[in-house]
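Novice: Since the structure of chain A is provided, determine the placement of chain B on it from the hints.
Number of protein chains: 2
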Amino acid sequence: MNTAYVHGYNPRENIRLQDQATTLVDLLHSDTTFPVGSRVLEAGCGVGAQTVTLAKNSPGASIVSVDISEHSVEQAELKIRAAGLANVRFQQGDILQLPFASESFDHVFVCFVLEHLKEPGTALQKLKSYLRPGGTITVIEGDHGSAYFHPDSDAAQAAIQCQVELQSRAGGNALIGRSLYPLLVAAGYRDVWVSPRMVYADSSKPELVDGFTKNTFTAMIEGVRQSAVEKGIIDPAMFDKGIEDLYRTTEPDGTFCYTFFKGMGKA
Amino acid sequence: MNTAYVHGYNPRENIRLQDQATTLVDLLHSDTTFPVGSRVLEAGCGVGAQTVTLAKNSPGASIVSVDISEHSVEQAELKIRAAGLANVRFQQGDILQLPFASESFDHVFVCFVLEHLKEPGTALQKLKSYLRPGGTITVIEGDHGSAYFHPDSDAAQAAIQCQVELQSRAGGNALIGRSLYPLLVAAGYRDVWVSPRMVYADSSKPELVDGFTKNTFTAMIEGVRQSAVEKGIIDPAMFDKGIEDLYRTTEPDGTFCYTFFKGMGKA
Chain A
1 MNTAYVHGYN
11 PRENIRLQDQ
21 ATTLVDLLHS
31 DTTFPVGSRV
41 LEAGCGVGAQ
51 TVTLAKNSPG
61 ASIVSVDISE
71 HSVEQAELKI
81 RAAGLANVRF
91 QQGDILQLPF
101 ASESFDHVFV
111 CFVLEHLKEP
121 GTALQKLKSY
131 LRPGGTITVI
141 EGDHGSAYFH
151 PDSDAAQAAI
161 QCQVELQSRA
171 GGNALIGRSL
181 YPLLVAAGYR
191 DVWVSPRMVY
201 ADSSKPELVD
211 GFTKNTFTAM
221 IEGVRQSAVE
231 KGIIDPAMFD
241 KGIEDLYRTT
251 EPDGTFCYTF
261 FKGMGKA
Chain B
1 MNTAYVHGYN
11 PRENIRLQDQ
21 ATTLVDLLHS
31 DTTFPVGSRV
41 LEAGCGVGAQ
51 TVTLAKNSPG
61 ASIVSVDISE
71 HSVEQAELKI
81 RAAGLANVRF
91 QQGDILQLPF
101 ASESFDHVFV
111 CFVLEHLKEP
121 GTALQKLKSY
131 LRPGGTITVI
141 EGDHGSAYFH
151 PDSDAAQAAI
161 QCQVELQSRA
171 GGNALIGRSL
181 YPLLVAAGYR
191 DVWVSPRMVY
201 ADSSKPELVD
211 GFTKNTFTAM
221 IEGVRQSAVE
231 KGIIDPAMFD
241 KGIEDLYRTT
251 EPDGTFCYTF
261 FKGMGKA
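These protein sequence lines are chains A and B, in that order. Counting along the first sequence from 1, when you hit position 164 you're at 164 in UniProt numbering, and nothing is skipped either side. Counting along the second sequence from 1, when you hit position 63 you're at 63 in UniProt numbering, and nothing is skipped either side.
Don't take every hint at face value.
What the hints assert, rightly or not - Taking lysine-lysine pairs in the DSBU-like style, the calculated list, with each CA pair at most 35 angstroms apart, reads:
1) A:Lys241 x A:Lys128
2) B:Lys266 x A:Lys214
3) A:Lys266 x B:Lys214
4) A:Lys231 x B:Lys241
5) A:Lys56 x A:Lys241
6) B:Lys118 x B:Lys128
Hints were generated in silico from the structure; no laboratory data involved.
So here's chain A without its partners, still in its complex pose (with noise of 0.2 angstroms):
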């Protein structure tokens, strides 16, 4: 095991976060926590989703979160100081060429961002050059192709399909959870290691279903049924099949199946 640079990855000390780990938010970000004084890189924040985790996991470190949109990190700006948070500096700025200094970070902190980008090798070698040398990287993505459930259904993997593909039109890929060890590996990174998180989620956890299966993972498939049908790339029947497929598997004999990919490695 090469966690040891992985602050915070103290398995005792976080069991009582984990303990209440029915959420997303606990599977993904209990074991990231950046020591008090250290200078954080948050590269692609969003509206903020993940940073009022972020902040409030590390509430000694100094965090700067970025994000290309300005609209985004005014959004996100409004939501960390609604969450009464001071640790947090934003900025606006593109992944691949923000205006910091070499090596002027302890740790760079990706969430949901590479699945966007045309060339995410390309980003992860430039915030390398943002950290100070055996600073860390930590990379949260998904996989489309990891979801599965019971019962099983064409319509619904269709339907997943769609925003698989219109994300790759995009130039993306919702399929980037099972490569980041080795975009990590080619892009300079050492030491790296990848630890999948997966949700899996049955009526013996109804948090779960609702907060994931349902509220998440299904409302994102179903907002892009206008692209698809108006791109063609599935018939509105199908699609709607595959919808009610989905819900159909939060019903009590329902399985659920997903899994996040969290990476991490050193400068």
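Specialist: Coordinates of chain B only, in the frame set by chain A:
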């Protein structure tokens, strides 16, 4: 959480278990130990592949291992004696009509068996009748729909699908892992709890790449070539390309994912 009876369970522990397990045996078995003096039924022991681990991990338990094949039972017995284990008694028997009195066991263990049965639900019901009230069942099954990898390959998925199709034609279900929860609930077990055990192999984990991706999973798929081709399920060139692509995932930049499901319930 109805997991008090599951030794060592919590989500954090589950992540640790998955990250640190270097072998399938660790991943699947390390949290299954039965107390001194307990009466354990292993239903469907085959040639004893799991029996050795089961007996080693519960040295004080009194295990009865049964299989429908007399020949397999003999092989299993040789294996357990060769391992110097004395806490297992073997017996030939059909899982649907075993010669045991009601409530004569404290625990039932079933591993890689339900996937082969036409009526797994009926088998689970029958097995429940041999458990004392409050006794537990532990079921481990794979799910071939959980296999995905980098580089991705349609041919590799088609080769895997051959195994799924052949198992289905034989009355089994190679996708049964995802269904353990509803199967156990429908069979009348209480406090059902399913814990997915994901195998994630990249080149930082050479034991898993060799021990699982190559020598377990890909070897198993390779083994169905003749049947799949003879039955016209796949073109031989496509199958061979699929196997080649599965081996491709074991190169330094490859990754491989597969998930087993471990289900538990109380009689």
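Novice: Which hint numbers doesn't this structure obey?
Specialist: 1 and 5
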